[in-house]
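Participant: Read off the chains here:
There are 2 protein chains.
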Amino acid sequence: MNRLSQFAASLAVAVLAGLPLAAQASDPTDVIDYRKHIMKTLGEQSAAMQATLQGKAPAENFVLHTQVLAVAASQALVAFKEKVEGGGSKPDVWAKWPDFEKRMKELAANTADLAKTAKEGGAAAAQPKLASALTCKGCHDLYREKK
Amino acid sequence: MNRLSQFAASLAVAVLAGLPLAAQASDPTDVIDYRKHIMKTLGEQSAAMQATLQGKAPAENFVLHTQVLAVAASQALVAFKEKVEGGGSKPDVWAKWPDFEKRMKELAANTADLAKTAKEGGAAAAQPKLASALTCKGCHDLYREKK
Chain A
-8 MNRLSQFAAS LAVAVLAGLP LAAQASDPTD VIDYRKHIMK TLGEQSAAMQ
42 ATLQGKAPAE NFVLHTQVLA VAASQALVAF KEKVEGGGSK PDVWAKWPDF
92 EKRMKELAAN TADLAKTAKE GGAAAAQPKL ASALTCKGCH DLYREKK
Chain B
-8 MNRLSQFAAS LAVAVLAGLP LAAQASDPTD VIDYRKHIMK TLGEQSAAMQ
42 ATLQGKAPAE NFVLHTQVLA VAASQALVAF KEKVEGGGSK PDVWAKWPDF
92 EKRMKELAAN TADLAKTAKE GGAAAAQPKL ASALTCKGCH DLYREKK
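The listed protein sequences correspond, in order, to chains A and B. With the numbering used here applied, the first sequence covers -8 to 138. With the numbering used here applied, the second sequence covers -8 to 138.
Any given hint could turn out to be false.
Chain copies aren't distinguished; within one or between two, either way the pair holds.
[To be verified] Straight-line distance between alpha carbons at most 20 Å, and here's what the computed SDA-like set of lysine to any residue pairs gives:
#, residue 1, residue 2
1, Lys107, Asp18
2, Lys72, Lys107
3, Lys27, Ala114
4, Lys120, Pro82
5, Lys110, Gln45
6, Lys87, Thr108
7, Lys72, Gly46
8, Lys31, Gln41
9, Lys27, Lys47
10, Lys27, Ser37
11, Lys87, Asp21
12, Lys72, Glu51
13, Lys27, Val54
14, Lys107, Gly129
15, Lys93, Gln41
16, Lys72, Leu44
17, Lys31, Gly78
18, Lys120, Pro19
19, Lys96, Pro49
20, Lys138, Pro119
21, Lys31, Ala67
22, Lys87, Glu76
23, Lys110, Leu68
Hints are computed from structural coordinates only; laboratory data are not their basis.
All chains should be built: construct the whole structure from the sequences, respecting the hints.
Facilitator: What follows is the structure, given as structure tokens:
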């Protein structure tokens, strides 16, 4: 095979295996900075949401926090697709991509469901779904470097 | 007037003047922490959105960033209502509340319009509205302490 067909073949394998593609030649710093913007968003909004439930912040904002968490979770799924190690991410993010991707998709789906429940039924309806939706720690334990 | 009717009268004046009410006896640290969570969200998402426009991050996420900016702007309006000075906010936030509130309402309305335009027409349609929607600097110059 010539180089082009080798590339095409490896690309086809990657696509079939559901592996992330690093087709774009991005600056690694940009990729890591972008991921951090999104993960920080999730952290800030998660803390803010907890505050509304603990009576430390206006309860009326609870629903708005679940909405941001759902949208930011969708952003995160995209942000990690390009394989650029570093920035607090363990190499396993990409070495075990199918598991990581599955967890990120679940986070996006579960927070979307949480936001829908919160909008329709408020905090009382949404609260029982919080622990199963916000799986931050389980994923961080596996895929984030210890600080 | 006795104390109670004095309080009721001052409350009525405050309501009529559109001044913020500090009815809840919140912990000042909680109030400031909460504001910071939301302002940091706006900062992170604004930077992430810029990255998608500069080719430094996946363009497909642009619309999602405008959505978060719109929702977080609504959160911010609520977060500043309780008068607790500090945390980088100038006292003018509450001394000139009608102007501050007007600016925050404009931010919420303009980012909501931006998100709608982005969803319907993508980045090309939304980009001309960016400068007038994201009035961060104008408000920071007036109401945020210099770092």
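Participant: All the hints need checking, so say for each whether the structure fits it.
Facilitator: Status of each hint after checking the structure:
1. In this assembly of identical chains, Lys107 and Asp18 lie within 20 Å of each other by CA distance neither inside one copy nor across copies; the values are 37 Å within and 31 Å between.
2. Taking identical chains as interchangeable, the C-alpha atoms of Lys72 and Lys107 are never at most 20 Å apart, the minima being 26 Å within one chain and 27 Å between chains.
3. For the identical chains of this complex, Lys27 and Ala114 are neighbours neither inside a copy (28 Å) nor across copies (22 Å), given an alpha-carbon limit of 20 Å.
4. Proximity of Lys120 to Pro82 under the C-alpha cut-off of 20 Å is found in neither arrangement, the shortest distances being 30 Å within a copy and 39 Å between copies.
5. For the homomeric pair Lys110 and Gln45, the shortest alpha-carbon distance inside one copy (19 Å) is at most 20 Å, but the shortest distance between copies (34 Å) is not.
6. Taking the shortest alpha-carbon separations for Lys87 and Thr108, neither the intra-copy value of 32 Å nor the inter-copy value of 38 Å comes in at or below 20 Å.
7. In this homomeric assembly, Lys72 and Gly46 come within 20 Å of each other (Cα to Cα) only across copies, at 15 Å, whereas the closest approach inside a single copy is 37 Å.
8. Proximity of Lys31 and Gln41 under a CA criterion of 20 Å is satisfied in both settings, with 15 Å inside one chain copy and 16 Å between copies.
9. For the homomeric pair Lys27 and Lys47, the shortest alpha-carbon distance between copies (13 Å) is at most 20 Å, but the shortest distance inside one copy (26 Å) is not.
10. Both within a single protomer and between protomers do Lys27 and Ser37 lie at most 20 Å apart by alpha-carbon distance, with minima of 15 Å and 13 Å respectively.
11. In this assembly of identical chains, the alpha carbons of Lys87 and Asp21 never lie at most 20 Å apart, being 23 Å within a copy and 39 Å across copies at closest.
12. In this homomeric assembly, Lys72 and Glu51 come within 20 Å of each other (Cα to Cα) only across copies, at 12 Å, whereas the closest approach inside a single copy is 35 Å.
13. Within a single copy, Lys27 and Val54 get their C-alpha atoms only as close as 24 Å, which misses the 20 Å cut-off; across copies the closest is 18 Å, which meets it.
14. In this assembly of identical chains, the alpha carbons of Lys107 and Gly129 never lie at most 20 Å apart, being 23 Å within a copy and 35 Å across copies at closest.
15. In this homomeric assembly, Lys93 and Gln41 never come within 20 Å of each other (Cα to Cα): the closest approach is 25 Å inside a single copy and 28 Å across copies.
16. In this assembly of identical chains, Lys72 and Leu44 lie within 20 Å of each other by CA distance solely across copies; the values are 18 Å between and 33 Å within a copy.
17. Taking the shortest alpha-carbon separations for Lys31 and Gly78, both the intra-copy value of 12 Å and the inter-copy value of 19 Å come in at or below 20 Å.
18. Taking the shortest Cα distances, Lys120 and Pro19 never come within 20 Å of each other, neither inside one copy (36 Å) nor across copies (30 Å).
19. Proximity of Lys96 to Pro49 under the C-alpha cut-off of 20 Å is restricted to the inter-copy arrangement: shortest distance 17 Å between copies versus 30 Å within a copy.
20. Taking the closest pair of Cα atoms, Lys138 and Pro119 never come within 20 Å of each other, the shortest separation being 30 Å inside a single copy and 41 Å across copies.
21. Taking the shortest alpha-carbon separations for Lys31 and Ala67, both the intra-copy value of 10 Å and the inter-copy value of 17 Å come in at or below 20 Å.
22. Taking the shortest alpha-carbon separations for Lys87 and Glu76, only the intra-copy value of 13 Å comes in at or below 20 Å, while the best inter-copy value is 47 Å.
23. Proximity of Lys110 to Leu68 under the C-alpha cut-off of 20 Å is restricted to the inter-copy arrangement: shortest distance 19 Å between copies versus 23 Å within a copy.
When the structure is compared with the earlier hints, violations turn up for hints 1, 2, 3, 4, 6, 11, 14, 15, 18, 20 and for no others.
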